[in-house]
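Asks: Between the sequences and the hints, there should be enough to build the whole structure, so can you do that?
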Amino acid sequence: MKFVDEYRDAARAQEFAEIIRRTVSRPWTIMEICGGQTHAIVKFGLDELLPRHVTLVHGPGCPVCVTPLELIDRAIALATHPGVTVCSFGDMLRVPGSRTDLLAVKARGGDVRIVYSPLDAVKLAHELPNRQVVFFAVGFETTAPANAMAVVQAQRAGLRNFSLLVAHVLVPPAMAAILSSPDNRVQGFLAAGHVCAVMGCREYEPLAAKYRVPIVVTGFEPLDILQGVQQCVEQLEAGRAEVVNPYARVVRPDGNPAAQQVLRTVFRVVPRKWRGIGEIPASGLGLREEFAEFDAEQRFGLAQLTAEESPECQSGLVLQGVKKPHECPAFGVRCTPEHPLGAPMVSSEGACAAYFRYRRPPPSQPRGEPANRPS
Amino acid sequence: MSAEFTASCPVPLTNYPHVLLAHGGGGRLMQQLIENVFVTAFDNPQLAARHDGATLETAGAQLAFTTDSYVVRPLFFPGGDIGTLAVNGTVNDLAMCGAQPRWLSAGFIIEEGLPMETLQRVAQSMRRTADAAGVQIVTGDTKVVDKGKGDGLFINTAGIGMRAHTGNIGPGVVRPSDAVLLSGDVGRHGMAIMSVREGLEFESPITSDCAPLAAPVLALLDAGIAVHCLRDLTRGGLCAALNEIAAAGRVQVHIEEAAVPVSEPVRGACEILGLDPLSVANEGRFVAFVAAGDADRALEILRSQPVCADAVRIGTVLANSPGLVTMRSRIGVNRVLDLLSGEQLPRIC
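First to last, the sequence lines map onto chains A and B. Under our numbering, think of the first position of the first sequence as 1, with each following residue one higher. Under our numbering, think of the first position of the second sequence as 1, with each following residue one higher.
Incorrect hints may have been included.
Heads up, incomplete: computed chain B residues facing chain A, CB under 7 Å, no partners named [to be verified]:
no.: 1; residue: Tyr16
no.: 2; residue: His18
no.: 3; residue: Val196
no.: 4; residue: Arg267
no.: 5; residue: Ile331
no.: 6; residue: Gly332
no.: 7; residue: Val333
no.: 8; residue: Arg335
no.: 9; residue: Asp338
In short, the hints are calculated from the structure, not lab data. We put the beta carbon where it would ideally sit given N, CA and C, even for glycine.
Replies: So this is what it looks like as structure tokens:
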């Protein structure tokens with residue numbers, strides 16, 4: 001298939017791996033930001049192609065995983081309300097809140113619907129004039145413009161029964177939080193290509209300069225990721241710390257100005273709690289005052305509903321790249337996709353789910369098959 | 001929360017007190033439901049075989065017996081309708097027991113207000129499909145439920161088939177070194193339904209693979225192929241079928257990703273939605289585990305049947321890691337091919 005097969009070519013993948021092997025002279029730890037990249041790495045076994053000196057750690061870029069417990073509890077509270085229809089992307093439905101999840105609320109009669117686009121939720125609000133339709137707006141800069149557009153459309157249409165439960169988070173503040181943590185081991189980043197497609201690359205330059213880390217804008221296909229690792233390692237070995245964009249087929253330096261415009265029109269930067277990490281200043285998006293009538297938290301008076309994570313939770317360490325999923329004592333034993341203890345085991349972008357799905361028990365070659373790890 | 005529970009993360013949902021949609025998704029939750037509720041309640045040797053149907057012996061005759069319920073939305077889709085599914089699904093479950101399907105029952109649960117014309121179209125479609133599969137619908141039942149209490153039309157069919165070949169077929173017979181054969185490309189039924197349901201339009205419409213599979217199965221058996229296990233690929237797709245067989249047969253199943261045929265439109269649709277074609281539903285595909293020495297001959301026989309023209313060998317049974325399905329990816333790395341938890345959900349971004 002065009003635009004897919006050429007980026008999954010086995011021979012080219014081996015070539016990139018060979019270049020990386022020749023470049024590396026000492027150990028490096030590189031973090032891929034996006035959960036989609038984590039899944040591609042584990043699904044295609046890309047880390048097994050890399051020399052032992054290169055360690056990939058998995059970043060916080062899974063929107064479902066970092067959505068704070070109290071916002072999930074608020075969504076669940078809304079869904080149990082008889083007059084409310086809660087819409088979200090499918091992944092959100094299985095993430096446990098303090099006591100239950102949205103799927104279980106649905107099974108008990110709550111009106112919870114999976115939609116593919118926030119604009120479908122606006123359409124639903126048109127179709128159900130006697131119900132309050134709430135869209136659970138999760139995600140990074142990637143999903144925020146479409147959610148902003150939904151608010152703009154609802155305002156234009158004069159819809160009084162549509163609102164957003166906003167849980168948007170931003171990538172650069174999370175990178176800064178990771179880099180300034182005393183436990184930080186990350187020396188270079190593969191930036192999330194889709195986020196950069198919206199926001200461009202320039203906002204990463206101050207991070208690269210301040211923390212002296214190379215940041216490589218990276219896509220999601222196997223060759224994209226290997227190329228990202230190769231360019232990151234090259235900079236690390238040369239002592240450089242620059243923002244580069246080999247994913248130029250998708251990302252322009254200034255991103256998508258129209259998407260940024262609608263995002264800025266509707267949202268403002270706010271402090272945001274990250275599940276497993278805690279509050280990070282200026283790391284989220286909230287609705288601007290002009291759009292406050294579309295804020296579900298205000299409309300339904302949810303602000304008093306709070307919940308605290310257990311201080312012992314390890315998912316924060318996984319989300320910050322300090323631990324790998326299988327280093328958690330609960331991984332695969334007390335914590336599985338059927339009985340998730342934390343969101344990273346639930347979401348299709350969660351690092352724990354990737355390890356459980358593609359790598360359990362830990363990587364092994366069937367006997368008689370050639371080993372793939374290059375020596 | 002127990003005392004030693006240090007990696008707490010948020011509250012564990014150890015047991016759902018209500019049935020979730022995911023309990024019917026063909027994934028691990030459904031297996032748990034079947035084990036915990038039904039196998040516990042009905043336990044007997046035939047049920048314990050965990051095959052698509054039960055094989056029974058009575059008065060010297062070898063019978064296969066199975067049942068299935070059909071709740072598809074929309075009722076009509078490219079390549080079939082709920083009627084073709086209701087006949088072929090049960091016919092195929094009998095075929096997977098190595099039986100010649102003979103008689104079906106049909107139970108209709110109809111929602112008040114369903115257009116009569118719809119019901120007639122479905123009945124005619126069932127008649128045509130039954131004729132093509134060589135079965136008769138010999139008994140039935142009709143119930144009408146209040147408007148809002150059903151989704152238009154639900155159909156249950158049960159079927160009886162006759163087994164001419166006495167050899168055991170099932171996961172327990174699978175042996176290391178067996179060849180894993182796949183009867184054609186995967187993922188068409190699920191993507192046909194999803195593209196209609198979600199209003200996705202592609203340049204070339206994806207049509208369901210819904211088809212009867214008794215003829216190719218009986219051709220294999222008639223030719224004396226050592227068929228060890230058969231499984232039609234329905235909910236959960238190829239991935240679920242292989243995982244069920246690996247678990248029940250206590251063997252490792254190893255396949256090559258590049259060997260599994262997926263049509264371009266199905267691949268494209270799956271890429272867009274973030275779905276894995278290996279876990280998408282089929283209604284006219286099956287896997288056959290045959291003795292290694294019979295693999296080439298079995299492929300030749302399958303390919304002579306129109307419904308299996310693209311049959312291929314996709315893998316081998318190994319003894320190393322019982323219960324596990326592994327796959328060598330296109331870029332040459334081995335990984336686990338795990339059963340999904342519930343239904344596949346499209347990704348966020």
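Asks: If any of the earlier hints don't hold here, list their numbers in rising order.
Replies: 3
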